[in-house]
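Here is how the chains run, residue by residue.
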Amino acid sequence: QKEVEQNSGPLSVPEGAIASLNCTYSDRGSQSFFWYRQYSGKSPELIMFIYSNGDKEDGRFTAQLNKASQYVSLLIRDSQPSDSATYLCAVNNAGGTSYGKLTFGQGTILTVHP
Amino acid sequence: DGGITQSPKYLFRKEGQNVTLSCEQNLNHDAMYWYRQDPGQGLRLIYYSQIVNDFQKGDIAEGYSVSREKKESFPLTVTSAQKNPTAFYLCATETGVAEAFFGQGTRLTVV
Numbered sequence: 001q002k003e004v005e006q007n008s009g010p011l012s013v014p015e016g017a018i019a020s021l022n023c024t025y026s027d028r029g030s031q032s033f034f035w036y037r038q039y040s041g042k043s044p045e046l047i048m049f050i051y052s053n054g055d056k057e058d059g060r061f062t063a064q065l066n067k068a069s070q071y072v073s074l075l076i077r078d079s080q081p082s083d084s085a086t087y088l089c090a091v092n093n094a095g096g097t098s099y100g101k102l103t104f105g106q107g108t109i110l111t112v113h114p
Numbered sequence: 001d002g003g004i005t006q007s008p009k010y011l012f013r014k015e016g017q018n019v020t021l022s023c024e025q026n027l028n029h030d031a032m033y034w035y036r037q038d039p040g041q042g043l044r045l046i047y048y049s050q051i052v053n054d055f056q057k058g059d060i061a062e063g064y065s066v067s068r069e070k071k072e073s074f075p076l077t078v079t080s081a082q083k084n085p086t087a088f089y090l091c092a093t094e095t096g097v098a099e100a101f102f103g104q105g106t107r108l109t110v111v
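Going line by line, the protein sequences match chains A and B. Under my numbering, the first sequence is numbered contiguously, ending at residue 114. Under my numbering, the second sequence is numbered contiguously, ending at residue 111.
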């Protein structure tokens, strides 16, 4: 069974702090990794993707991938109340095709309090 | 204005009734997907289609059917065989390079 695991939270951080969200996956053949943000009642929106080991930064967001440990994380620096949402980790293991064929974790609820 | 349009936004189904959820896209993307999300859960893949007139089952296809007669359209039918259809249904397309993009979703409730 191909699985993606996340801590469901909720994770609560103060405004301005760093929020750290973690995800592990079971399929060593997984090739691409995505972080989606989902506000309550809304559809997921892509915030980061990463394919290679190491860090990838985009503004306040940093995705980290460690394929040997089968671990991917998302760091949110200078957290804002508007970052309060559910963060979904998703993995593609379709071997370079069907990029939209994703396996999702259950999501981590993040709350940023003023 | 390119995008993915799902309709209706809210849908109510009676026991034993088939209902069809619409997904239309004008992004010229080849591949389209249907996901289901239950409260507090991640998304699970129902069906996907990479080209017109072809589609494949995802992880939870039982009780659902799809068609792909046009590149722009990928409707999902929730049949009476689906015993627990109440959920948030999301349609997505992919760019062919990387990530998937989602429509605004249809919230289906059995009454």
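Treat each hint with caution, since some may be false.
Here are the in silico distance ranges between beta carbons for each label pair [what the hints assert, rightly or not]:
(1) S40(A) - F12(B): 18 to 26 Å
(2) N28(B) - E3(A): 32 to 40 Å
(3) R107(B) - P10(A): 35 to 43 Å
(4) Y71(A) - N28(B): 33 to 41 Å
(5) E62(B) - R60(A): 24 to 32 Å
(6) I60(B) - Y71(A): 34 to 42 Å
(7) G9(A) - N53(B): 14 to 22 Å
(8) K70(B) - Y71(A): 36 to 44 Å
(9) T109(B) - D58(A): 34 to 42 Å
(10) H113(A) - E15(B): 17 to 25 Å
Far from chain B by the CB rule (all over 12 Å, computed), these chain A residues [what the hints assert, rightly or not]:
(11) Q6
(12) S32
(13) L88
No lab work stands behind these hints, which were simulated from the structure alone. The beta-carbon is built from N, C-alpha and C at its ideal position, and this holds for glycine as well.
Hint-by-hint comparison with the structure:
1. S40(A) - F12(B): 18 to 26 Å: holds (21 Å)
2. N28(B) - E3(A): 32 to 40 Å: holds (34 Å)
3. R107(B) - P10(A): 35 to 43 Å: violated (23 Å)
4. Y71(A) - N28(B): 33 to 41 Å: holds (36 Å)
5. E62(B) - R60(A): 24 to 32 Å: Violated, since E62(B) and R60(A) (Cβ atoms, about 42 Å apart) do not stay within the stated range.
6. I60(B) - Y71(A): 34 to 42 Å: violated (27 Å)
7. G9(A) - N53(B): 14 to 22 Å: Given a distance of about 43 Å, which is not inside 14 to 22 Å, the answer is violated.
8. K70(B) - Y71(A): 36 to 44 Å: holds (41 Å)
9. T109(B) - D58(A): 34 to 42 Å: Given a distance of about 37 Å, which is inside 34 to 42 Å, the answer is holds.
10. H113(A) - E15(B): 17 to 25 Å: violated (43 Å)
11. Q6: Violated, since 8 Å does not exceed 12 Å.
12. S32: violated (7 Å)
13. L88: Answer for L88(A): violated, closest chain B Cβ roughly 6 Å.
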